[in-house]
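> Given next are the chains, with one letter for each unit.
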Amino acid sequence: MSSPIWDVPHLASGAPEPSADPDKVTVYNMRFCPFAERTILVLLAKKIPFDVVNINLKKKPDWFVEKTWGTVSVVRYKGEYIMESLVNCDFLDELEPSTALHPKDPLEKAMGRLLVEKCGKMRTPYYGVLLAKGDNPEEVKMKRLEMFHEVKKTLEIMENELKKKGTTFFSGGSVGMTDLMVWPWIERLTTAYRVLFPGENLDIPKEMISLLAWIKNMWEVPAIKAYGLKGDNHAKFYAQAASENCDYDMLLTKGA
Amino acid sequence: KHSQNKMSEIKLSYFNARGRAETARLLLAHAGVRYTDQRLASEQFASVKPRLPFGQLPTLKYEGELLCQSMSLARFLANEYGLAGRNSIENAQADEIVDAVNDMIAARVAVMQDSDDAKKSELMRKLLEETLPTGLGQLEARLVERGGQFFVGNNLTWADLHLYAFVDIFRSNNPEVLDGFPKIKNLTERIEELPNISKWLQSRPETVF
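Chains as they are written, first to last, in the numbering used here: chain A, 1 to 256; chain B, 257 to 465.
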């Protein structure tokens, strides 16, 4: 079985920019980046063929810094570079209108985008939990707990939204743009926290039954089944992400 | 009143943290007093601990005298530098606010020290959604009663600084903690704009807590 197209080495400075087929979507990616995951999920959900160029974000190639805004994901298409995950996801949705992930109704679409913005508030405390450090382990634990309390505020918003809608997904009966845009951080916090901070109960409260059901259903979505990372993969990445020699290729070497 | 003090005559010792020493540091900063801001690593603390009167930090070495207990040494500094209130009643009013803040600190410490990890999440929720808002609400009401500018005598006292030190630690993790308490929020903003305080806030080491 051939390995997925995204299981390629992350290019560092010194490596030349791969040539791209202008008529095919190329994604500049990092395997563990939640923002970039949005773009990959959209491509998979819409069954748009694509190529992947993985970028070493600690040792960025010059061409990446010069030709883009220096962060992933970037969609390269017809000689243009489209930065910003939300922007390139919208672009891809319009590129292939037959498999629309955004709803047709402008009002519904706007409400979905607002929810995505609202859920973005979770990112700061989410990283806060991961990055908390200090001399006193008790205080660091407190910090994680306090930050996670902030994360839960967004989780509650999501739970209430799902309860109100009464649908399987935020986008309705089938998965849509809203679901895919907010998913990557949920994927990480539900897998990484319990491995990195065992016993600290930094989990989605069991009372949030709609959200927990949504998570279960999301893991069954083919795009997420294919690209999402379960188990301790995210935890392993984060545990060494701060180091200078961050191993972006850890999934590759594992398969070897 | 004060001799021209050399930096070595005043030494505040604590961990590299704000914690229970920051009120004293804010007082010293506000007074524009030169002092040694000693920050001990855990191994250093371990070795000096047996020789400390109560085995605890912070301690304040002040012109030859070693003072312990964070609140006592802060109150001492407040008295020395005119931030304890202008008469006995105001002294007591400031102490009252400090005690109320300490109740909230104690509640937070209780959560931190509870070893039952399964309960902790619920304890944290209770702290952030009930205990702290209640305490802050009571302080907000007290502040409003006093005219809304400062907690005591319409002038800055260590009560304001002590509340500030507490809020400062909380805000970094829970930025919305002062939502709903506009007078306290305004007080913290005004404290941050005091020149000596502002200078200290910009220059002090960044710490987790």
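Misleading hints may appear alongside valid ones.
Not the full set, but computed from the structure, chain B residues with beta-carbon under 10 Å of chain A [what the hints assert, rightly or not]: (1) Met368; (2) Pro431; (3) Gln458; (4) Ser459.
DSS-like cross-link-like pairs, simulated, lysine-lysine; straight-line CA separation at most 25 Å [said to hold, decoys possible]: (5) A:Lys163 <-> A:Lys216; (6) B:Lys375 <-> A:Lys206; (7) B:Lys382 <-> A:Lys206; (8) B:Lys441 <-> A:Lys121; (9) A:Lys153 <-> B:Lys305; (10) A:Lys133 <-> A:Lys165; (11) A:Lys230 <-> A:Lys164; (12) A:Lys133 <-> B:Lys317; (13) B:Lys317 <-> B:Lys441; (14) B:Lys455 <-> A:Lys141; (15) A:Lys60 <-> A:Lys46; (16) B:Lys375 <-> B:Lys305; (17) B:Lys441 <-> B:Lys455; (18) B:Lys267 <-> A:Lys141; (19) A:Lys141 <-> A:Lys104; (20) A:Lys230 <-> A:Lys216; (21) A:Lys133 <-> B:Lys382; (22) A:Lys109 <-> A:Lys60; (23) B:Lys317 <-> A:Lys121; (24) A:Lys153 <-> B:Lys317; (25) B:Lys267 <-> A:Lys153; (26) A:Lys141 <-> B:Lys382.
Rather than coming from a laboratory, the hints here were simulated on the basis of the structure.
Glycine included, each C-beta is placed from N, C-alpha and C at the ideal position.
> If a hint holds in the structure, say so; if it doesn't, say that too.
Verification of the supplied hints:
no.: 1; hint: Met368; in the structure: holds, 5 Å
no.: 2; hint: Pro431; in the structure: holds, 8 Å
no.: 3; hint: Gln458; in the structure: violated, 21 Å
no.: 4; hint: Ser459; in the structure: violated, 20 Å
no.: 5; hint: A:Lys163 <-> A:Lys216; in the structure: holds, 15 Å
no.: 6; hint: B:Lys375 <-> A:Lys206; in the structure: holds, 14 Å
no.: 7; hint: B:Lys382 <-> A:Lys206; in the structure: holds, 17 Å
no.: 8; hint: B:Lys441 <-> A:Lys121; in the structure: holds, 21 Å
no.: 9; hint: A:Lys153 <-> B:Lys305; in the structure: violated, 41 Å
no.: 10; hint: A:Lys133 <-> A:Lys165; in the structure: violated, 39 Å
no.: 11; hint: A:Lys230 <-> A:Lys164; in the structure: violated, 29 Å
no.: 12; hint: A:Lys133 <-> B:Lys317; in the structure: violated, 30 Å
no.: 13; hint: B:Lys317 <-> B:Lys441; in the structure: violated, 33 Å
no.: 14; hint: B:Lys455 <-> A:Lys141; in the structure: violated, 30 Å
no.: 15; hint: A:Lys60 <-> A:Lys46; in the structure: violated, 29 Å
no.: 16; hint: B:Lys375 <-> B:Lys305; in the structure: violated, 32 Å
no.: 17; hint: B:Lys441 <-> B:Lys455; in the structure: holds, 20 Å
no.: 18; hint: B:Lys267 <-> A:Lys141; in the structure: violated, 30 Å
no.: 19; hint: A:Lys141 <-> A:Lys104; in the structure: violated, 45 Å
no.: 20; hint: A:Lys230 <-> A:Lys216; in the structure: holds, 12 Å
no.: 21; hint: A:Lys133 <-> B:Lys382; in the structure: holds, 24 Å
no.: 22; hint: A:Lys109 <-> A:Lys60; in the structure: violated, 35 Å
no.: 23; hint: B:Lys317 <-> A:Lys121; in the structure: violated, 45 Å
no.: 24; hint: A:Lys153 <-> B:Lys317; in the structure: violated, 45 Å
no.: 25; hint: B:Lys267 <-> A:Lys153; in the structure: violated, 42 Å
no.: 26; hint: A:Lys141 <-> B:Lys382; in the structure: holds, 17 Å
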